[in-house]
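> Chains U and S, in that order, give the protein sequences. In case it helps, our numbering puts the first sequence at residues 1 to 259. In case it helps, our numbering puts the second sequence at residues 260 to 578.
Simulated from the structure, these hints should not be mistaken for lab results. All C-beta atoms, glycine included, are put in the ideal place defined by N, C-alpha and C. Zero decoy hints are in this set.
Just so you have them, the derived chain S footprint on chain U, three or more residues with Cβ under 8 Å:
#1 57-65
#2 80-92
#3 96-107
#4 161-174
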Amino acid sequence: MNLGVQMGGEELSLEKVSAFFGKKEIVKSVSFDVANREVMALIGPSGCGKSTLLRCINRLHEETPGAWVRGRIQLKNLDIYGPAVDPVEIRSHIGMVFQKPNPFPGFSIFENVVAGLTIRGVRKRSYLADVAERSLRAAALWDEVKDILKAPGLSLSGGQQQRLCIARAIAVNPSLLLMDEPTSALDPISTAKIEELLFDLKKNVTILIVTHNLQQAARISDQVAFMYLGDLVEVGSTAQIFTKPTNVQTENYITGRFG
Amino acid sequence: MMFLQGRFLPVAVQKKSEVRSSDLAFLMALRGLALILILGFTSIVFFLYFQSRPLIAQEGLSFFWGREWSPADNRFGALPFIYGTLVTSALALLLASPVAVGSALFLTVLAPHWLRRPTAFLIEMLAAIPSVVYGLWGIFMIVPLVRTFQVDLQNVVGDVPLFSGPPLGVGFLAAGLILAIMILPTIASVCREVFGAVPTVNFEAALTLGATRWEALRMAVLRASVPGILTAVTLGLGRALGETMAVTMLVGNRAVISPSLNSVGATMASIIANEYPEAASDLHLSALTAVGLALFVISLLVNLGARWIGTFYRRKMGF
Ligand SMILES: Nc1ncnc2c1ncn2[C@@H]1O[C@H](COP(=O)(O)OP(=O)(O)OP(=O)(O)O)[C@@H](O)[C@H]1O
Ligand SMILES: [Mg+2]
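Chain S on its own, in the form it takes in the complex:
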């Protein structure tokens, strides 16, 4: 409200009582909305905490690095799911980021003008497809493709650790691939905005120094966009970490920790979606909520980390 007072009233008559009533109503409405957000957030935290307490009371924090998950024996270790989430998300980022950044660059600077808007629109549309549809498509398209790839690879290079085990099609590789496809539009559309925000004069300044177009792109556009690209990738990672439906349909759903991408596995989100409806005991329910808590914390950390990197880079390089 300060700025309104400063703008319209001489300093001497600035008093709280003179804030106009319409402003006051607006202010209250904003405060109310903010309050709802805060309440929502805290209630989620409390729910996760109290629901997981019985399990953590029994297993202790070793729950988070326990490797065995067998509800029938009341044995609950979350590591396979943490591992599965990290592996599939990392794979997705690795595959999607270069393609997304490249296509965004192509769309903002290289593509002929008539092609830019339709393609950009198409990318936005890709982001709007429901994840269960991606999952179905994945089962019919990705899984057979992945299986063929796995078979061919084993025929050609033999049994390498990263691609060992039976070529099932479903598993980490298929889940990572579908995740990559799903987060690609997210990363690409944010990158497109980031690149579009770089002033043309920066690009031209590089040209006047004798840079080719590609060099000018690299020095004036790409480098200026590093913080923005990081933000885009983080958003993509956020989506990959929490993505449930499509992953559940493709990952195989077994609590397995294996260095092989051919292996089936499970993620934090997929195990919750899979077992929650038929959880037999309270402890099982509590364990699944604790997995949710872990997912929540990891997502939070990833976001904070990325934010910190962004701020650090911005401060260091002066954006």
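For reference, chain U alone in the conformation it holds in the complex:
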């Protein structure tokens, strides 16, 4: 499967995407586009379906029993819910970082970073070492761990673990990175480090990030999408959403009147 690398253009395009748990419609007909190498922040009150929407994009949603998706999602030009598409293949092009850092137990730092490659049968030591260094540098963790690569991933601090997970996600060279509140479990210093890191990452990948921290959304994103009760209420450039939102619900949310 060749996803092709284009400069500019749409990386990701959602068309009337609805997500269900059984009969319950959690995400309701959401459409938006994210351009290549853009950062889009997904905001909205708790329970509005942000995580669910994110999990539709890498076909993780369907792993929950009874969960299903309607609508069309295109990654580059590929319809990821197309009949001939293998979800395993799709996921290997899309990285994901979860709310809580989750290095694999029993895996060393090194093994964690290259886990995505070893799954695919890559065994060449020198190549793995290269990728590990590159990814750890990109995740701004290399200097802290370069001498302890054999130590367990879980022996790191929470902030370091989260950067390790980012390194693990980008080691397989995804073109899209999904992040679900990646800093909400971290202290301010680790949070600042990861935000800084996102600026570098976006030179190479498109990022869709869920956050409850509006300042964070304002600092790091190019576009903001606001969701409420499963609906996409408004999407626009970050400046526009934060200075003159067109929708009154958006305005209420960003001014802290609810949510």
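Chain U is already provided as a structure; the job is to place chain S with the ligands on it using the hints.
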């Protein structure tokens, strides 16, 4: 008690006398219980030691590697029983562990949801069946099956050392098999809990890296569970080492050391159960207690060893 004081009283007024009386009563009760446990343990050790002393005085430590057991001639060597216990237990572990781990994995992650609870319940029930019932069932089901297998095997591949000798049905193979069946639910139910405790996000993280479900299971669930699986297997081994009734009914009860699984034999537990009621001399009694002492020590070592492996692995891999 420290935490209670720290919680409710400012540091300056923390004094022993101010521990509330209800807390004190609770503390004393706990201490009493702990004391009972310790007393129980030490009295077992003392009993085993003093009862076996006459025998060890006569035979020395060579008792533990003496190969001959003949009470009529006052000859006591425990090796056949140590050997029998180790062979049957090892066989049981070898047969039961993969099946138990596999079925636990199936139950926690692969089986359809409606099937999980009934099957888990069934496994717990298997663990509750009394061992004499297993023994009876073994005599009627396992022994004939084993005999058929032994006959067929000798017809097909001839006399291999591991399966040589007359196909009696009873013996190491039958005992190992019944032990495997008995420890399977123990291992499986502990493994089920271990697998269930692995957070779903670990599994999902593996999926997002492009792993198939099976690969995700292997890297995120199985590997994270290694210490837990070791614990489960140790518990199973503990049960196999000490299991008495069913083994006594199936092992053949002869003090034999043979490399063949077809051979009859005896285990430490089975010889005690068999000969204690009709032990003729004090020395014979003492010898049987010494076998009990050996069983106790071996079980203790196995447990300590497994604990050590678990701690080592945990520390090395950071769980
Ligand atoms: N497995 C499930 N079965 C049924 N309903 C679910 C399931 N998981 C989530 N939901 C429901 O879907 C809705 C959206 O959940 P989701 O996790 O997407 O919200 P969110 O916007 O990410 O919230 P938060 O900001 O708190 O993370 C919630 O109302 C939740 O109750
Ligand atoms: Mg969420």
